[in-house]
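Peer 1: If you want the building blocks of each chain, they are given just below.
There are 2 protein chains.
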Amino acid sequence: MLAEGILKGEIRAAARLMRDIDDEVPSAREELKKLFPHTGRAHIVGVTGSPGTGKSTLVDHLIQAMREKGLTVGVVAVDPTSPFSGGAILGDRIRMQRHSTDPGVFIRSLATRGYLGGLSRSTHDIVDVMDAMGKDVILVETVGVGQDEVEVIRLAHTNIVVLIPGMGDDIQAIKAGILEVGDIFVVNKADREGADKTVRELEIMLEMGHGSEDGWKPPVLKTIAVHHQGIPELLRQIELHRDYLKEHIWEDRQRRRIQEKFLETVRDLLFEEASRRLQKERKWNALMEAVGRREIDPYSAAEQVLAEMLRPEVS
Amino acid sequence: MLAEGILKGEIRAAARLMRDIDDEVPSAREELKKLFPHTGRAHIVGVTGSPGTGKSTLVDHLIQAMREKGLTVGVVAVDPTSPFSGGAILGDRIRMQRHSTDPGVFIRSLATRGYLGGLSRSTHDIVDVMDAMGKDVILVETVGVGQDEVEVIRLAHTNIVVLIPGMGDDIQAIKAGILEVGDIFVVNKADREGADKTVRELEIMLEMGHGSEDGWKPPVLKTIAVHHQGIPELLRQIELHRDYLKEHIWEDRQRRRIQEKFLETVRDLLFEEASRRLQKERKWNALMEAVGRREIDPYSAAEQVLAEMLRPEVS
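In order, the protein sequences belong to chains P and L.
Counting from 66, one number per residue, gives the positions in the first sequence under my numbering.
Counting from 66, one number per residue, gives the positions in the second sequence under my numbering.
To be clear, the hints were calculated from the coordinates, so they are not data collected in a lab.
One or more hints might be untrue.
[Stated by the list, open to error] Estimated spans, in silico, between C-beta atoms of each pair:
id	chain 1	residue 1	chain 2	residue 2	range
1	L	Ser340	P	Ile269	53 to 61 angstroms
2	L	Asp256	P	Glu338	54 to 62 angstroms
3	L	Asp256	P	Glu258	20 to 28 angstroms
4	L	Asp256	P	Gly280	44 to 52 angstroms
This one's a predicted model, so the numbers in the text were calculated from it and none came from an experiment.
Just so you know, even glycine gets a beta-carbon here, dropped at the ideal spot from N, CA and C.
Extracted from the complex, chain P is given alone in its bound form (with noise of 0.2 angstroms):
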C-alpha cells in the first residue's frame, strides 16, 4: 500500500515507508519488492568528508545548483550517531532546511545502527525508495571512516571526496583510505592559506596510480561552498562523470550493485531468522547459558548451531 502511494507521488507514503527501513519493520521488504521495477534510473552520487570540511554546505549549494537546472533531488545524510543515545546531530539539517519547502527536493537524516550492516542496508533501501520516487539524482553524505561507510560509498555511482587545506598527516589517511573510491575531489574552503598546495599534493597522489580504476581521470576542484563559488564547476564534472560511466560501465555498476544487494539481504536474512529462532526455542536458549558459563566455547556453540539449522547439501 505505502508503495503504491509513493508511485503516485505522496510524500508521506515515502517518509512512512523510510521511518519503516529504519526500524526494521519487516512489511518495509514487502514494499520494496513492490518498488524495485521501478528503481535503477537515478545517478547516486556520494559526498564524503571528514567533519569540519563543509560537505553540508557542499551538498546545500549543490542542491541548489541542480534544482536551478531542473533536476529533482534526494538527499541521504549519513550522520555519525551514537548507536547508545540514538541521539543525532541538527545542525547540517536546520542549514538545509532551506530546501524543505521545494517538493523537488527531499532528504533524509540516518542514524548509524546499532548493529553491524545496519547502516549499509538501510542507505540502500532509502536510496532505492527515492529512486522510486523519480529523483533524478541521490546525494549520499557521509563521514567516510570506517567500515560500514565504505559500504555506503560503495553503492554511489559518483563519488566526491572533500577537502579542505592543509589537511597536512591527514593526506596519509585520506590516501589510504579514500583516494581510491573518489571520482571527483574537491577542496573547499578554497580561501583559506595552502588550497593550491593541497591541490597539487592531491594531483601527485592521483598521478601516482591511486586513481579510479575504470579509466576515469578524477578532477581536482576548488570551491567556496559558503559563496556558492566553483559549484557549477562541480556540477559539471559530476555530470561529465555520469556521462562517462553511461559509455563505459553503467551496466555494469547497476548489475554489480544489485547482486550486492541480494547477497546482502540474504546475510541479513538469515541472521534474522537465525536470532529468533535462537531466541524463541528453548535448547537455543539453554546453548547461549551455557557459552556464558563458559561451558562450551562460542565456536563450537555455533557450529551446533549451523549444523541444525541448515539443510545438509545437495551435493
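Based on the hints, put chain L in the right spot on chain P.
Peer 2: Below, chain L alone, put in the same frame as chain P:
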C-alpha cells in the same frame, strides 16, 4: 598445534595464528577453540581518538609505564586502511618499535577488512590469542568513527577516549558518538592553548548525564604523551576502573562479551556457508544472474535462498 605452541609461549606460533585469523583460514577456528579455556583473564583497554590526537604516542608511553610496573602488554592497532588497496599507515608502527625487542610486549596491526564485520571479528579473535598468551593488559587502538569501530570498542573493559585542546565543532560529534562509551577521557597535547577549556567542556557534558551507565564517573585527565606527562595518573585511573569493574560488573561484562562472540560467530558461519553454497551450486548461480538481469527482485531471491537452505522450524 599452533594453540599448544602459543600456550607454551612461542611468539612465532602466535604470529602465525594471527595471520591465519587475518586471512580467514578456516583451521584458525580450531586453534581458537583450544585457546578458549585459557582466555578471560586479560584486562582489555580500548584507546580511541581521531587521527592527530596523538593516541599512538599515548599508547607507546602507556606500554612503557605498564612494563615498568611489571605488567605484560598486548597491543592491537586497528588502522583505517583501505579495503581496496590493502595499504596501511606505517608511521605509528615504526614509532612503537622501541618495544619490539621486549618479550613482554606483543604488537599487532590490523587492516580494515574488505567486508562488514571482518574488522570486529578479527580484533576479537586476536585479543583472545593475546589473552591466551597470558598478557596482563591488551590495548586496542582505534580511530573510533564508524560502526565497525564501535563494535571494536564494545569488546573492551575500559575505554579511553583521547582528544586534543580546541576541538570546537568536533565536540558535538564526540558527544553524539563516543561519549557514552568512554570510561576515561584524556585531553592530550595539553600544553596547547585551550586545554583547560576542553577539559571543562567535557566535564560539563559528562555531568549532563552522558557518562557511563554503570555508576562509574569518568575522569577527565590532561596528558602530554610525548613528554610522558600525565601517563602515571592515566595508568592509575585505568587500574581504578578495572578494580571498580571487578567489584561490580566484571563477570557480567565477561558473560556478555562471550555471548556476543557466539552470536557473531553464528552470523559469520551462516553467511560463509551460504556464500559457499551459493557459489558452488548451479541453481544459485542462475539465481544470481537473474537478479543481475533484474528478472527477480533481490528480496524475493534472498527469501528463496533462505527457504531452500534452512530447515523448517520445529514448533
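Peer 1: For each hint, tell me whether it holds in the structure or not.
Peer 2: Status of each hint after checking the structure:
1. Checked against the hint of 53 to 61 angstroms, the pair serine 340(L) and isoleucine 269(P) fails, with Cβ atoms roughly 39 angstroms apart.
2. Between aspartate 256(L) and glutamate 338(P) the beta carbons are some 55 angstroms apart, a value that agrees with the proposed interval 54 to 62 angstroms.
3. Here the CB-CB span from aspartate 256(L) to glutamate 258(P) is close to 24 angstroms, well matched to the stated 20 to 28 angstroms.
4. In this structure the supplied range 44 to 52 angstroms holds for aspartate 256(L) paired with glycine 280(P), their Cβ-Cβ distance being about 49 angstroms.
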